[in-house]
Amino acid sequence: MQRSLIRQFYRDMLLARQFEEAAAEQYRQGRIAGFLHLYPGEEAVAVGTLRAADPGDYVVSTYREHVHAMVRGIPPEAVMAELFGRAGGCSRGYGGSMHLFSPEHRFLGGYAIVGETFPVATGVGYWLRMTDSADAVLCYFGDGAVNQGTFHESLNMASLWKLPILFVCENNHYQIGTEIHRHSALAEVHRRACAYGMLGRRVDGMDVLAVYEASREALAQVRSGAGPFLLECETYRYRGHSMADPASYRSAIEVEELRARDPLASLWRKAEAAGWMTADERRAIEAEVTAAVDGAVAFAEQSPPPTELQAGVYARPLDLYRGAP
Amino acid sequence: MQRSLIRQFYRDMLLARQFEEAAAEQYRQGRIAGFLHLYPGEEAVAVGTLRAADPGDYVVSTYREHVHAMVRGIPPEAVMAELFGRAGGCSRGYGGSMHLFSPEHRFLGGYAIVGETFPVATGVGYWLRMTDSADAVLCYFGDGAVNQGTFHESLNMASLWKLPILFVCENNHYQIGTEIHRHSALAEVHRRACAYGMLGRRVDGMDVLAVYEASREALAQVRSGAGPFLLECETYRYRGHSMADPASYRSAIEVEELRARDPLASLWRKAEAAGWMTADERRAIEAEVTAAVDGAVAFAEQSPPPTELQAGVYARPLDLYRGAP
Amino acid sequence: MSQRRRRSGNLGVIAPAEPAPELRLWEALNLALDREMAQDDAVFVLGEDVGLYGGSYRVTQGLWARYGEWRVRDTPISEGSFTGLGVGAALVGGRPVVEIMTVNFALLALDAIINMAAKLRYMSGNRLAVPLVVRMPGGVAHQLGAQHSQRLEHCFVNVPGLRVLAPGTPQDAYWQLRQAIRDEDPIVVLEHELLYFESGPFDEQAAPPPMHAAVVRRPGRDFTLIAWHRMVQVCLEAADRLAADGIEAEVVDLRSLRPIDLPLLRESVGRTHRALVVEEDCLFGGAGAEIAAALTEAAFFDLEGPIRRVAGADVPTPYNGELEAASIPDAAAVVAAVRAALEQAGPGA
Amino acid sequence: MSQRRRRSGNLGVIAPAEPAPELRLWEALNLALDREMAQDDAVFVLGEDVGLYGGSYRVTQGLWARYGEWRVRDTPISEGSFTGLGVGAALVGGRPVVEIMTVNFALLALDAIINMAAKLRYMSGNRLAVPLVVRMPGGVAHQLGAQHSQRLEHCFVNVPGLRVLAPGTPQDAYWQLRQAIRDEDPIVVLEHELLYFESGPFDEQAAPPPMHAAVVRRPGRDFTLIAWHRMVQVCLEAADRLAADGIEAEVVDLRSLRPIDLPLLRESVGRTHRALVVEEDCLFGGAGAEIAAALTEAAFFDLEGPIRRVAGADVPTPYNGELEAASIPDAAAVVAAVRAALEQAGPGA
Ligand SMILES: Cc1ncc(C[n+]2csc(CCOP(=O)(O)OP(=O)(O)O)c2C)c(N)n1
Ligand SMILES: Cc1ncc(C[n+]2csc(CCOP(=O)(O)OP(=O)(O)O)c2C)c(N)n1
Ligand SMILES: [Mg+2]
Ligand SMILES: [Mg+2]
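Note that the protein sequences, when read in sequence, are chains A, B, C and D.
Residues in the first sequence are numbered from 1 upward in steps of one, following this note's numbering.
Residues in the second sequence are numbered from 326 upward in steps of one, following this note's numbering.
Residues in the third sequence are numbered from 651 upward in steps of one, following this note's numbering.
Residues in the fourth sequence are numbered from 1000 upward in steps of one, following this note's numbering.
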């Protein structure tokens, strides 16, 4: 493992953590509204998978997607401004926290209806294969989403047509307040691949190095034409489902145990022990990240609101339209 | 195996075959309209499974359900009259071929949207378990239906809550004109049970004895509280998907090969060889069945049409309604 | 009595013996469920996080502890199938109350509601009954974004076989839900996310109006304002402002969208000669179109001008707060529309 | 050029170099698809049995042989996801044409159409485009039963972000489908099952009307009849009968249901002073309600009576043939409604 990559992981995950905590703070101050779903605890998943991807790969994510967007290269400013609902946001203030988009980063959302990421990714994968592209798609979803019919329908099609899709399950064991054993007959998500003649695997989603390695292997397979892959990352969310959820359905002990496996802390322990990163380097990253997050908030505050209610409903006005031919 | 049961199977299957051929003839004569999906070739599935069921069990079937209805005890007259759209039909002429119902036979339909049988059966199973009933549900569907999201959603819930449901796949290898290898990544339907921690098994659906035995075992398990069971019956339809389909997408050789395994002919061969049924007995059954089918057509012809357009949309008129409490 | 169909004990944790004179709307729904569940073992509730969690808008709070997991069932995220599960259970004796967490997810359950629940009685020649209630919160709340801010009245009101309720007060929510649960037909209960935490007078002894009856919330002689859910409050506010100018607007709370109480509307317009439909949903093809069209047909020669509609902008709901507010009607828009209508004279004028 | 994106060769099996002067509607759609696929490699078709089988109503016949399985894709029975697949592919350069075998199954695909396709451009701040066409046959055909006889106009017309077309002739079907495929917005094309095998004049050289424009199929001075799909024929038949009595009805074929061509309707009613909307779907909350309401608002002071509607009965479609026929409007019902309206005088009369 390259030292630069380790530092990249650490920086990505620290930015993720601090950005989300800053967003929570802004939410409490009333500058962000709506539903806000945060990622602390799950950082290794987005970072490990997306750093294993190529720039040409497409990403389709859920409402818990701020971190995916940033790792993919969307500036924190543009993400924070979107949470503020400002014109400087990556969706120009029309989308909000759950609907981040950026075509030039091949970041296709931001879907708030559970299970929508499957067909969207399948469509992108279909197009890639139809056009003999070497690119792939990374499709994110939670453990709760696997019981939506689209999971099943899409995985069947993806496998049937050998589409280049890495399906990444962010298994944080909860569907809001419902623990996985109470929503799924089979709690080992990766084993559902069996129903589609597909490959699947589980990895420790608190360990960014493990996620990265597993993703590289899976993506190599996916790109080889062998068909899609189901990668289950076991992880945990420290906070409630959204800012509205006090998470009183789970025990303090459970949270403590999982926090002990914190992806940032454990990467740092490893990196320090192996000499991949020095304390000075770490402090430098921390300073840089803090500045980036502060900058994102400052940018968002100053970004003007969007003003056009009607803009962008259609490509052209809803008039009678004399067609193209 | 009891001799009386063998004769019952033979009679059921012969009635099924002749009834369906008579329906085809009536369709050609213009007395039946709409979509008509016939069962020749698949008789062993409905007969083997339903004869293994108890009278208290509920049945939920598709648009290819005439035979299920009759084996369940709905008189052929009432089924044929329904195909004719007459008031003497089991749905009083309002439902048609695809929508047979008879609550007193615990026959709950007759669903024409592929995949609807799964949630309906799951609901019945839920109620049975909630009320500690000893009854079970038999849920029918084709190989094409397993790619509908409801298959996945419903099987997960059924398994999670250990509902008493026998899921019977009538795998005739075609979703209208699309052969199973072109619609399913995994062509062995019973193996999909793995995704739900459920038991599944494949049986020769052209062999009524095998279907019957497998169904008895599966139903015993289902009733024991062990949860649902996925029984895949491999079978074949001799005709096109519906009367509108010439079935030109498959080869004459394929059809011939499958016809050689005809469930009626092979049961007769076995029964004769084993001395379970004599040629005289067989002729008697044939005569009885022919009379029954003729009688069904005669009844349907004489049955009056329904006359009330508005009857039965609601339990009571769509007025302002002073509620019950 | 099965263990699984647990009956309420004497916990009394939810339902006070003497209900308070004011309740919040969610509390009224909660009490209605509790009353029906205590009275009839066949009533059960299912949906995402309705059990242990208590419901995202608290409507099912406390019921899980009281009635057990079989009668208060947390489901996976499988809207199509758990709504269909309700249909299946209703066919064989159950009286399920399905909660779809928000109306936006109901798009995944329309096959169960429209193709199954609404049609089974008729298709079976009146031999089957589907006593099913499907409750769902909806509407524009606070910056939930386009996918979480919909109003899908138009998907349900056209469907023969369904009844569609839209209670807007705690008193109505309580009684209409109880009436719906006891009804033999499938009923969609539309609730509005912003109304759950509003308080209102509550009297469990007062006889409820008929399930589908509209109610005049404010009488007036000059103009009829027709609305439901939160738009009733918008109309009441507008009526206050108009009254300051001597214009007396009558505000009708429809309460039911299928059927609509056309007799009451007809009577009101017979007196006022003018009407405005105020709808939160987008104007084009919304439920308000039917109200305007039907009432125009019934009352044309009493009308001094066309029935106009004030409705949501023809856009998916934007996330930004100001744009979002601009996308739905407010009292100012209602006042302006009433004034414009009153100023408008006939063609020649 | 990828093998998978097979371009048409010179097979010419489908498209005659000189199209015949008459075509059946399915042939017109087939030719439109062929033309667009030949011209643009990004266009591809998917749906159940559209390939090898050639489509249940033949619309895609021959295309599989011509363009290969990647551009003419047979799908599993997974309406929600294969429609969503269309959305995903449209986001990245594809121009998918999804066929939903019949509109009845579209209830399983509404999340993809309404929550995804219609909203993505707006939610992304106008940064994404969804050039998707979703075609679906519907309507009452011949005794297909309640679950296979629906008209779901009301589910689509209310949705901002969608365009909704309803071609009723081969010429319109050809051009409107081509226009739809070239459009940058998601478009729902509603087709009627009973029209596929009807022939009509076809001229590929004639310039098509604007995509959303209505067309006057028969001019008349006394009454405006507004319809689409098969109801246009019903209106033309009624107009013939009325003409025998000296009543000249103007018949407008709407062709598009979102937007509707209000200027044309306004102009027509400005001349005739009376209008009737004829809709196959159930009256309550159908698309006809919007037409009546919007046109009333626009033309109130020109109207000599309310805009009435003749529409389907408020029932799921019965299977029995006579009841089925009684459940949808026919020419006699239109004639009767026109006569009644003409006889009806003002309130005092
Ligand atoms: C179709 C649908 N149903 C319900 C919801 C409400 N909802 C939002 S997130 C969520 C839980 C999702 O759990 P999971 O897939 O595990 O993702 P996580 O939030 O844990 O990352 C639910 C039920 C929704 N958005 N969409
Ligand atoms: C949701 C839905 N999509 C499509 C159809 C049209 N359709 C009717 S039957 C059928 C094929 C079903 O195949 P299978 O499940 O194998 O059953 P079989 O007809 O072979 O018994 C299709 C596509 C439908 N009725 N419902
Ligand atoms: Mg989760
Ligand atoms: Mg089949």
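Because the hints were derived from the structure by calculation, they are not lab data.
Errors might be hidden in some of the hints.
Claimed, not checked - Where chain B lies over chain C, by a calculated footprint (3+ residues, C-beta under 8 Å):
hint, region
1, 726-735
2, 767-777
Stated by the list, open to error - Chain B is faced by these chain C residues, among others (derived, beta-carbon under 7 Å):
hint, residue
3, G738
4, A893
5, A894
6, G896
Unchecked claim - Partial chain D-side listing against chain B, Cβ under 8 Å, derived:
hint, residue
7, Q1204
8, P1258
9, Y1318
Remember, predicted model here, so these are calculated numbers, not experimental data.
Note that beta-carbon positions come from the ideal geometry of N, C-alpha and C, so glycine has one too.
Comparing the hints with the structure gives:
Only residues whose beta carbon comes within less than 8 Å of a beta carbon in chain B count, and the region 726-735 of chain C has 8; three or more means the coverage holds. Given as covered by chain B, the region 767-777 of chain C passes the check, having 8 residues with a CB less than 8 Å from a CB of that chain where 3 are the minimum. At a threshold of 7 Å, the smallest CB-CB gap from G738 of chain C to chain B is about 2 Å, leaving the interface hint in force. Annotation: A893 of chain C was flagged as interfacial toward chain B, and the flag is violated, the nearest CB pair being 29 Å apart, outside 7 Å.
For A894 of chain C, the interface hint is violated, since its Cβ never comes within 7 Å of a Cβ in chain B; the closest pair sits about 34 Å apart. For the restraint placing G896 of chain C at the interface with chain B, the shortest Cβ-Cβ distance is roughly 33 Å, beyond the 7 Å limit, so the hint is violated. This hint is violated: Q1204 of chain D has a C-beta 35 Å from the nearest C-beta of chain B, more than the 8 Å allowed. Among the interface hints, the one on P1258 of chain D is violated; its C-beta lies about 31 Å from the nearest C-beta in chain B, farther than the 8 Å criterion.
A hinted interface residue such as Y1318 of chain D counts as satisfied when its beta carbon comes closer than 8 Å to some beta carbon of chain B; here the least separation is about 3 Å, so the hint holds.
The structure fails hints 4, 5, 6, 7, 8 (numbered hints given earlier, in ascending order).
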